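Asks: If you read the sequences in order, they're chains V and A. Okay, so the first sequence: first residue is -11 according to the numbering used here, each after it adds one. Okay, so the second sequence: first residue is -11 according to the numbering used here, each after it adds one.
Mixed in with the good hints there might be a few duds.
[What the hints assert, rightly or not] Cβ-Cβ distance ranges computed for the label pairs, FRET-style:
#, chain 1, residue 1, chain 2, residue 2, range
1, V, L314, A, E60, 47 to 55 Å
2, V, S27, A, H390, 57 to 65 Å
3, V, D338, A, G171, 37 to 45 Å
4, A, A67, V, E378, 27 to 35 Å
5, A, D188, V, D291, 26 to 34 Å
6, V, N35, A, D291, 26 to 34 Å
7, A, D205, V, D257, 52 to 60 Å
8, V, A155, A, A337, 49 to 57 Å
9, A, E292, V, E172, 52 to 60 Å
10, A, E292, V, K(-10), 27 to 35 Å
11, A, K(-10), V, N35, 45 to 53 Å
12, A, P194, V, E287, 31 to 39 Å
13, V, D188, A, A155, 52 to 60 Å
14, V, R351, A, E(-4), 55 to 63 Å
[To be verified] In silico lysine-lysine, DSBU-like type, Cα no more than 30 Å apart, as pairs:
#, chain 1, residue 1, chain 2, residue 2
15, V, K(-10), A, K57
16, V, K57, A, K(-10)
17, A, K182, V, K57
18, A, K0, V, K57
19, V, K0, V, K(-10)
[As the list claims (entries may be wrong)] Some residues of chain V that are not near chain A, with every Cβ distance over 10 Å (derived):
#, residue
20, G4
21, I14
22, E84
23, V87
24, D133
25, L266
26, G270
27, R351
Bear in mind the hints are in silico, worked out from the structure with no lab data behind them. Source: prediction; values computed, not measured. No residue lacks a Cβ here, since even glycine has one placed at the ideal position from N, Cα and C.
Number of protein chains: 2
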Amino acid sequence: MKDNELRERAAKVVPGGMYGHLNAAIFAPGYPQFFESGSGCRQTDANGREYIDFMCSWGPIVLGHRHPKVEEAAQRQLAKGDTLNGPGPIMVELAELLVDTVPSADWAMFSKNGTDATTQALMVARAATGRHKVLMAHGAYHGADPWCTPSMMGVTPNQRADMIEFAYNSLESLEAVAAEHDGEVAAIIVTPFKHDSFEDQELVEPEFARGARALADRIGAALVIDDVRAGFRIDLRGSWEPYGVRPDLTAWSKAMANGYPIAAVTGTDALRSAAQTLYSTGSFWFSAVAMAAAKATIETLRDENGIKQMELAGSRLRDGLARQALAHGFGVNQTGPVAIPWLSFEGDADLSRALYWSDACLRNGVYIHPWHNWFLSAAHTEADVDEALEGTDRAFAETRAHFG
Amino acid sequence: MKDNELRERAAKVVPGGMYGHLNAAIFAPGYPQFFESGSGCRQTDANGREYIDFMCSWGPIVLGHRHPKVEEAAQRQLAKGDTLNGPGPIMVELAELLVDTVPSADWAMFSKNGTDATTQALMVARAATGRHKVLMAHGAYHGADPWCTPSMMGVTPNQRADMIEFAYNSLESLEAVAAEHDGEVAAIIVTPFKHDSFEDQELVEPEFARGARALADRIGAALVIDDVRAGFRIDLRGSWEPYGVRPDLTAWSKAMANGYPIAAVTGTDALRSAAQTLYSTGSFWFSAVAMAAAKATIETLRDENGIKQMELAGSRLRDGLARQALAHGFGVNQTGPVAIPWLSFEGDADLSRALYWSDACLRNGVYIHPWHNWFLSAAHTEADVDEALEGTDRAFAETRAHFG
């Protein structure tokens, strides 16, 4: 099989055959490492097997692969140029669109990785306050730079020395660490909901969100929402807008350009002059094609009500899985927003059921992940979800047969 | 003029109207901020003025804009997919090509920014040695992460605490700081030549390069070459290969994919298992299109002897500028490799001549930079250089007329 052949070749020229979040080595042997193509809400692996895909490339694909409006905008820009001596007019247009779309945004800066955006947001907050400490939730993923990567391998204690942890959704814990570092806190960085790997997701308590906002105001720190994973999937205005809580700074990436590489920080007027003082840049941060794709993606999500489509498809998936789990006698927890869902099995601490079921889903043409949240796209129709549910139903049956 | 109109709009939605290395606000009013398109070795700004371009988008454009082989490879991949649930076969092919091309490379890891690659290289070295300190040359640019960005705005002292500076090309200075941090040094990171902004460039002293290699071996630290700026322009095998000095790790980006966003770290077998332990990743680090573009770029440079073409064009430019400066009575220094040249005026500490001359070059259809090194591409023909030299000659004449 081609995937195995590629793995053998990769083992020679790539450390561990693969690295980071995409290493498939820990999964069952049939789990695909390499992918050939994508179309709409489907992906085909290197062995030629097609799946209805609920990972959406770990978030970036929000309108479906090869969406005509996005591709057309990207091609139109590419015909003129991508990486030039300076930004194209598209950079101004995209910044204007973000400022128009996101109520907390008075300005935008662009980069390439979600990590670039979270790092840059903290730099803005530190430049604005002249303070060093940043409060973050224990276990939260804010990227893979030394200050935030989940592993300490290759990281020095000094690189983490200014990060202080609190417990997500515990205002008491947040206020305690803020008091402990009175006068030193530049920022509170927080994901819009708790989406740590290996754990059930947890929506934010509105009281916590409002309390974090009030605390940040009281201590003169910036409230930073890390909307890299959830942004443009829950609410185009920002994922805490439904709670009426507006951040000072927001980090965006993943779904922003339907798979084209881009990230952004947006912020308020109060932080504009601080943002201006940074030296934060990159060789491809001004490239025009990804910006054209981002503008087309956000406009299409807005004009075609993509958020609503993801909600509908996600609800249909969640309801179907709930019925199936019950029918097959599995206790499951389905957590997170329906557009960024996850399913865990009760009493499955070693993930054996999750791993078996996810592998059975693959065999039945459905791509999900056993320990990382999933993603819906606006390309998932009712018919796609129903077809996927046929596969997940067979997967539940196989899992029941296996575990007895 | 469109550029001014765009600047006015950008001032509202982008901090400072622009940020990082591309802010044109400090230049004369006619200096273009926004660019419309690129073709071969020429770029057209937002006002429709075309230049023979010697910045090559600050390095990435190495074969010329819209090179047919690169575009064809990118389009072929794009038709299948870009950002998928896992890497495509192209990732293995690209890693194999790097290992075949670069003698010090036994493996490769990919990312998006040059900063990703330098950061990742240091993480590998730290993971391998269990040590924290890194020796870097004073004033060297290794990217814009908090550990290396040239400004301290938004950066905390802790984020710099493990970086120790030495003087470029001074083996004595390097050995002194290594002795001072005996047993603590994970890596020595060094650019292949001294290319700090605002200063004449300085080629590496072969004795320094060999001494750094010997020192790294003696103290058990990794020698990291930051070839982000120079890689794939001086020697496809790595920029110190002509000196017979091979690094343990190399950071690559800029010219690697002719403008498509990608970066890489390559390393030796001895560091493979350490590389494998990192959690270093990004949402777009496995995207296939930029990898297809990188493979086509490196193969084209190799098959069409692109390095030699850049040398010829760069030599012709340098010789021509030397003759013109002499004829117009200017003392100038032309430094660095001819493919990554720079020209400074003698006795021009406030850069007034450089700024006037670079602006005059623009008015005469030649895009260069007054305080950052320039870049040749393989698309620069003799005829292009000769045409550019007509413009630079007029620019020297105007500069002479202005300064008297």
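Asks: Would you mind marking each hint as holding or not holding in the structure?
Replies: Results for each hint:
no. : hint                          : verdict
1   : V:L314 - A:E60: 47 to 55 Å    : holds (53 Å)
2   : V:S27 - A:H390: 57 to 65 Å    : holds (60 Å)
3   : V:D338 - A:G171: 37 to 45 Å   : holds (41 Å)
4   : A:A67 - V:E378: 27 to 35 Å    : holds (30 Å)
5   : A:D188 - V:D291: 26 to 34 Å   : violated (54 Å)
6   : V:N35 - A:D291: 26 to 34 Å    : holds (32 Å)
7   : A:D205 - V:D257: 52 to 60 Å   : holds (54 Å)
8   : V:A155 - A:A337: 49 to 57 Å   : holds (56 Å)
9   : A:E292 - V:E172: 52 to 60 Å   : holds (57 Å)
10  : A:E292 - V:K(-10): 27 to 35 Å : holds (31 Å)
11  : A:K(-10) - V:N35: 45 to 53 Å  : holds (50 Å)
12  : A:P194 - V:E287: 31 to 39 Å   : violated (56 Å)
13  : V:D188 - A:A155: 52 to 60 Å   : holds (54 Å)
14  : V:R351 - A:E(-4): 55 to 63 Å  : holds (58 Å)
15  : V:K(-10) - A:K57              : holds (26 Å)
16  : V:K57 - A:K(-10)              : holds (26 Å)
17  : A:K182 - V:K57                : violated (45 Å)
18  : A:K0 - V:K57                  : holds (28 Å)
19  : V:K0 - V:K(-10)               : holds (16 Å)
20  : G4                            : violated (4 Å)
21  : I14                           : holds (13 Å)
22  : E84                           : violated (5 Å)
23  : V87                           : violated (5 Å)
24  : D133                          : violated (7 Å)
25  : L266                          : violated (5 Å)
26  : G270                          : violated (4 Å)
27  : R351                          : holds (16 Å)
Of the numbered hints stated above, those contradicted by the structure are hints 5, 12, 17, 20, 22, 23, 24, 25 and 26, listed in ascending order.
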